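If you read the sequence shown in the numbering used here, its first letter stands for residue 10, the second for the next number, and so on.
Careful: at least some of the hints might be erroneous.
Said to hold, decoys possible - Here are the computed lysine to aspartate or glutamate pairs in the DMTMM-like style, where the Cα-Cα straight-line distance is at most 25 Å: (1) Lys91 <-> Asp159; (2) Lys91 <-> Asp70; (3) Lys206 <-> Asp126; (4) Lys184 <-> Asp126; (5) Lys190 <-> Asp152; (6) Lys89 <-> Glu115; (7) Lys184 <-> Asp104; (8) Lys24 <-> Asp58; (9) Lys184 <-> Asp159; (10) Lys184 <-> Glu195; (11) Lys91 <-> Glu186.
If you are wondering where the hints come from, they were derived from the structure by calculation, not from laboratory data.
All figures in this text were calculated on a predicted structure; none of them were measured in a lab.
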Amino acid sequence: MAKRARSGCFGLIMKLITTLILLGALAFAVLFGLLIFRENTIPRPGPADAMIVLGAQVNPDGTPSVQLEWRLSAALDVYKLKRTPIVVTGAQGVDEPRTEASAMKEWLTVRGVLPQDIRMDETSMNTRENIENAMRYMPGVKDVLIVTSDYHLPRAMQVARDQGLNPSGIGSPIKQEYWWKNHFRETLAWGKYYLQKFIPVP
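Start from the sequences, fold in the hints, and give me the full structure.
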C-alpha cells in the first residue's frame, strides 16, 4: 500500500513538472513571437527634444564594439539632421576597461558632435536604469528618441513609457551570428519585465 502511495505521489509530481515545463515553453513561444512582431512594427521616429543612446559592450582597447558603434552611427545620423541633445548611458562592466558612456562620448565628439550637446550617465547597469538616469539630464523633456539595437528597442521604449516619457525609436542592426542569442536573451528579459510589472514583490 505504501509503495503504491509513493508511486502515485511520484507520478503526480512528474505530471506537475511536465505541465510547468509545457507552460513555460508556451509562455516563451508567445513572448518570442511578440518580440519579433514588435521589432518589425516600430513606428517611424517622431519629433524629439533629446536622444537617449543605450550602451553596449566596449572592446578591450576602450573603443566601442561593433554593435555599440552601429548604435552610435544611427545617433550621429540623427544629430547631423537636427542638433539634438544626446544622453549616452552605460556603466563599466567587469570585462570593460572604461565606462560605456565615456567610450560613446569620445566616439561621437571625434565625429563632430559638440561636447556640450552630450550628457553622460556612467552608472546604469540595465535598461530601466538607462532610462531613469537619462531623465535626470533632461528635466521637463517628454518627447525622446531612443537609439539601441533593433531587438532591444521595443522593451526600451516600453520602459520609457512606464517612466512617463513619449518615446520614438531607431533600431540599429546586430551581427547575424548573434541573432538567436540576442533574441533568446531579450525574450527572457521581457518575461522578467512582465513578472516585475504585474506581480507585486514584497
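So, going through the hints one by one against the coordinates:
Taken as a hint, the lysine 91 and aspartate 159 pair is honoured in the structure, with Cα atoms around 22 Å apart against an allowance of 25 Å. Distance restraint check for lysine 91 and aspartate 70: the Cα-Cα separation of roughly 31 Å exceeds the 25 Å cut-off, and the hinted pair is therefore not satisfied. For the hint linking lysine 206 to aspartate 126, the alpha-carbon distance of about 34 Å lies beyond 25 Å, and the restraint is violated. For the hint pairing lysine 184 with aspartate 126, the CA-to-CA distance comes to about 29 Å; that exceeds 25 Å, so the pair is violated.
A threshold of 25 Å between alpha carbons decides the hint, and for lysine 190 with aspartate 152 the separation of about 31 Å lies outside it, so the pair is violated. Distance check on the hinted pair: lysine 89 and glutamate 115 sit about 17 Å apart at the alpha-carbon level, within 25 Å; holds. Straight-line distance between C-alpha atoms of lysine 184 and aspartate 104 comes to about 20 Å, which keeps the hinted pair within the 25 Å bound. Under the criterion of a C-alpha separation no larger than 25 Å, the hint pairing lysine 24 with aspartate 58 is inconsistent with the structure, at around 55 Å.
In summary, the hint linking lysine 184 to aspartate 159 is supported, as the alpha carbons are separated by about 11 Å, within the 25 Å threshold. A distance of roughly 15 Å separates the Cα atoms of lysine 184 and glutamate 195; the hinted pair therefore holds under the 25 Å criterion. Only pairs whose Cα atoms come within 25 Å are accepted, and lysine 91 paired with glutamate 186 is rejected, the gap being roughly 34 Å.
This entry does not satisfy hints 2, 3, 4, 5, 8 and 11, going by the numbered hints stated previously.
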